[in-house]
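**Q** Single-letter residue listing:
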Amino acid sequence: MDSNGGQKYENMYSCVCIIDKIAENIAYEEFVEGEVFTQLRSTPGEKGGVFRDPERASVLVRKLTKITEVATKSCFVPLRTHTANKENESG
Amino acid sequence: MTKRIIVMIGVALAVIAPGTSSGNTELMKLMDNPDNWAIWGGDYAGTRYSKLNEINSKNVGDLQVAWTFSTGVLRGHEGGPLVVGDTMYIMTPFPNKVFAIDLNDQTIIWRYEPKQDPDTIPVMCCDTVARGLAYADGKIFLQQADTHLVALNAKTGKMIWRIKNGDPKKGSTNTNAPVVIKDKVLTGISGGEFGVRGFLAAYNISDGSLAWKGFSVGPDKDTLIDPIKTTHLGKPVGKSSGTNTWKGDQWKIGGGTTWGWYTYDPDLNLVYYGTGNPSTWNPVVRPGDNRWSMTIFARDLDTGKAKWLYQMTPHDEWDYDGINEMILADIKVKGKNRKVLVHFDRNGFGYTLDRVTGELLVAEKFDPSVNWATHVNMKTGRPAVVAKYSTHATGQDTNTKNVCPAALGSKDQQPAAFSPKTGLFYVPTNHLCMDYEPFEVEYVAGQPYVGATLSMFPAGRVTGDGTTNLGNFIAWDASAGKIVWSLPERFSVWSGALATAGDIVFYGTLEGYLKAVDAKTGKELYKFKTPSGIIGNVNTWKHDGKQYIGVLSGIGGWAGIGMAAGLTGDTDGLGAVGAYKALDNYTQLGGVLTVFALPD
Numbered sequence: 001m002d003s004n005g006g007q008k009y010e011n012m013y014s015c016v017c018i019i020d021k022i023a024e025n026i027a028y029e030e031f032v033e034g035e036v037f038t039q040l041r042s043t044p045g046e047k048g049g050v051f052r053d054p055e056r057a058s059v060l061v062r063k064l065t066k067i068t069e070v071a072t073k074s075c076f077v078p079l080r081t082h083t084a085n086k087e088n089e090s091g
Numbered sequence: 092m093t094k095r096i097i098v099m100i101g102v103a104l105a106v107i108a109p110g111t112s113s114g115n116t117e118l119m120k121l122m123d124n125p126d127n128w129a130i131w132g133g134d135y136a137g138t139r140y141s142k143l144n145e146i147n148s149k150n151v152g153d154l155q156v157a158w159t160f161s162t163g164v165l166r167g168h169e170g171g172p173l174v175v176g177d178t179m180y181i182m183t184p185f186p187n188k189v190f191a192i193d194l195n196d197q198t199i200i201w202r203y204e205p206k207q208d209p210d211t212i213p214v215m216c217c218d219t220v221a222r223g224l225a226y227a228d229g230k231i232f233l234q235q236a237d238t239h240l241v242a243l244n245a246k247t248g249k250m251i252w253r254i255k256n257g258d259p260k261k262g263s264t265n266t267n268a269p270v271v272i273k274d275k276v277l278t279g280i281s282g283g284e285f286g287v288r289g290f291l292a293a294y295n296i297s298d299g300s301l302a303w304k305g306f307s308v309g310p311d312k313d314t315l316i317d318p319i320k321t322t323h324l325g326k327p328v329g330k331s332s333g334t335n336t337w338k339g340d341q342w343k344i345g346g347g348t349t350w351g352w353y354t355y356d357p358d359l360n361l362v363y364y365g366t367g368n369p370s371t372w373n374p375v376v377r378p379g380d381n382r383w384s385m386t387i388f389a390r391d392l393d394t395g396k397a398k399w400l401y402q403m404t405p406h407d408e409w410d411y412d413g414i415n416e417m418i419l420a421d422i423k424v425k426g427k428n429r430k431v432l433v434h435f436d437r438n439g440f441g442y443t444l445d446r447v448t449g450e451l452l453v454a455e456k457f458d459p460s461v462n463w464a465t466h467v468n469m470k471t472g473r474p475a476v477v478a479k480y481s482t483h484a485t486g487q488d489t490n491t492k493n494v495c496p497a498a499l500g501s502k503d504q505q506p507a508a509f510s511p512k513t514g515l516f517y518v519p520t521n522h523l524c525m526d527y528e529p530f531e532v533e534y535v536a537g538q539p540y541v542g543a544t545l546s547m548f549p550a551g552r553v554t555g556d557g558t559t560n561l562g563n564f565i566a567w568d569a570s571a572g573k574i575v576w577s578l579p580e581r582f583s584v585w586s587g588a589l590a591t592a593g594d595i596v597f598y599g600t601l602e603g604y605l606k607a608v609d610a611k612t613g614k615e616l617y618k619f620k621t622p623s624g625i626i627g628n629v630n631t632w633k634h635d636g637k638q639y640i641g642v643l644s645g646i647g648g649w650a651g652i653g654m655a656a657g658l659t660g661d662t663d664g665l666g667a668v669g670a671y672k673a674l675d676n677y678t679q680l681g682g683v684l685t686v687f688a689l690p691d
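In the order they appear, the protein sequences are chains S and P. Under my numbering, think of the first position of the first sequence as 1, with each following residue one higher. Under my numbering, think of the first position of the second sequence as 92, with each following residue one higher.
27 Å max Cα-Cα, derived DSSO-like pairs, lysine-lysine:
| no. | chain 1 | residue 1 | chain 2 | residue 2 |
| --- | --- | --- | --- | --- |
| 1 | S | 21 | P | 620 |
| 2 | P | 188 | P | 260 |
| 3 | S | 66 | P | 620 |
| 4 | P | 470 | P | 330 |
| 5 | P | 618 | S | 21 |
| 6 | S | 63 | P | 620 |
Worth flagging that the hints you see were computed from the coordinates, not collected in a lab.
I would like the entire structure built from these sequences, with the hints used as guidance.
**A** Written out as structure tokens, the structure reads:
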């Protein structure tokens with residue numbers, strides 16, 4: 001919600017919509033697995049290899065990315081571009 | 092109230108007799124009371140077993156979240172909370188903040204944030220994790236990433252002393268939890284990927300002065316190894332054992348770092364720990380056994396002198412660091428009562444040794460996919476290496492395929508648990524194999540000295556059993572060297588286990604589930620999805636008559652890592668930062684401690 005205009009009532013619709021659309025196209029277990037691969041691919045060093053190297057990782061990451069993109073579009077949310085965060089102090 | 096009184100007596104003793112072994116006495120009293128979780132392993136033996144049984148196999152299904160605490164720090168949250176009386180102490184990954192939390196109302200009593208050189212980050216090989224704090228003598232001991240070891244006043248968070256344990260400019264960093272024994276605080280060093288020469292150091296808790304330092308490799312005067320008295324499988328090691336299996340002066344950058352856990356037997360006065368890989372990863376350029384890398388050490392606490400050693404992986408060719416925890420237990424082996432040390436090595440073998448003499452009793456594979464060696468020769472202690480998986484034999488710039496386990500090992504640092512009630516060990520494991528290709532590298536201080544490229548995949552691809560799981564959680568019989576039960580996990584299990592008198596075992600998963608399983612059968616009794624993946628250790632304590640379970644979630648490689656590290660270029664951070672830069676729009680989430688209890 002933060003990325004789509006903040007914690008507002010009207011923004012809630014698109015978030016719920018996206019999640020519902022994702023849920024229609026992928027089982028929860030697979031979603032969780034895909035999410036772990038997606039988030040942890042950036043783990044530095046040899047450890048991250050666990051999330052980058054296996055075939056299943058690429059398959060699931062691609063699948064989840066595609067489903068999310070379709071869901072985002074069909075819920076009328078503009079696709080995010082790779083821009084640096086304004087508030088760059090997260091850690 | 093009793094625990095408060097105990098704490099107060101302990102503090103009072105420390106005031107009356109500073110510099111004596113009061114730290115030990117006080118800490119041992121705290122550890123004896125299961126209401127506390129006063130040391131990383133719950134006790135000196137590293138069993139990670141709690142006598143608390145309010146939460147048990149019958150009611151664990153009713154467990155609920157009692158409260159949570161966000162650390163506000165991204166990256167991998169390893170280790171776990173310490174609980175001493177009414178206070179909890181938590182440490183975060185870099186920048187290594189420390190929080191003291193009042194358990195009566197979950198308010199922060201004090202916080203401490205060290206100023207650390209951000210240049211430390213790039214020399215940490217595998218995310219800027221930290222594995223927790225030590226408590227003793229009214230002090231909290233903080234081992235910072237930049238190698239500073241700091242003693243803080245446990246009541247106020249004020250610094251009492253600070254010393255430097257290494258030099259990040261030369262690649263030394265720290266990730267380990269320190270341990271206090273008697274009047275000394277023990278710590279090791281990380282940086283095997285940078286050619287750092289490992290050591291275990293003991294500092295005096297009163298002022299931080301160095302008591303002794305025993306190197307893993309080098310001349311006898313550095314290693315504190317006695318050519319006659321120190322033994323390897325019962326035989327004296329002889330002169331210069333830390334240099335004579337190295338080519339020339341390669342031992343100087345020989346690795347053998349000590350970034351794992353340290354355990355202690357008060358009756359024998361021995362400290363146990365393991366050493367890491369020899370540098371470089373490329374085995375072709377460092378012929379010989381590379382002693383004493385990949386070795387279990389037993390050192391006298393007072394002098395640091397090595398009593399016995401056992402090298403598990405002579406001349407490492409796969410990065411199977413030997414740093415995993417040494418769990419001390421008294422069990423029957425072949426019908427005889429034994430004081431043993433049990434160790435689940437990265438190399439895939441579960442070892443049971445007599446911890447008095449260092450005699451090798453059991454060495455069996457704790458993951459059926461392990462293939463780099465067929466078995467361990469029980470007389471010589473040497474693994475029987477399979478030629479086609481020897482990255483040295485296949486040679487430089489040749490890809491050695493389908494080696495199991497992968498370089499991460501069948502198990503990494505995440506500590507296992509031992510239940511004296513079931514007699515079983517509960518082990519979080521990896522189930523991965525790899526292709527490994529060594530290449531030539533030059534050593535430059537402070538630069539990575541790796542010299543191998545590798546790629547990892549599910550072990551099922553090699554065993555051909557059609558499985559894709561990347562991990563297992565197993566129960567192990569250390570007398571027989573056999574798996575009792577094994578639960579397949581989608582991902583490697585990188586969380587430390589906890590066993591309790593309630594006949595349950597807890598562990599966390601990379602998806603973020605905290606799971607409780609039946610200690611006897613492995614049957615899943617409870618799971619709850621915490622906000623992020625778990626690589627922390629599950630700990631338990633009692634406050635105001637109620638048992639709690641706590642675990643940190645938050646993992647390295649978390650999507651926001653690029654922002655956390657201050658990286659901006661799209662090619663920084665192994666190319667991943669660019670791709671995930673947008674993800675910080677989603678969240679500012681940091682690591683979270685989730686605390687569970689039964690409903691009233």
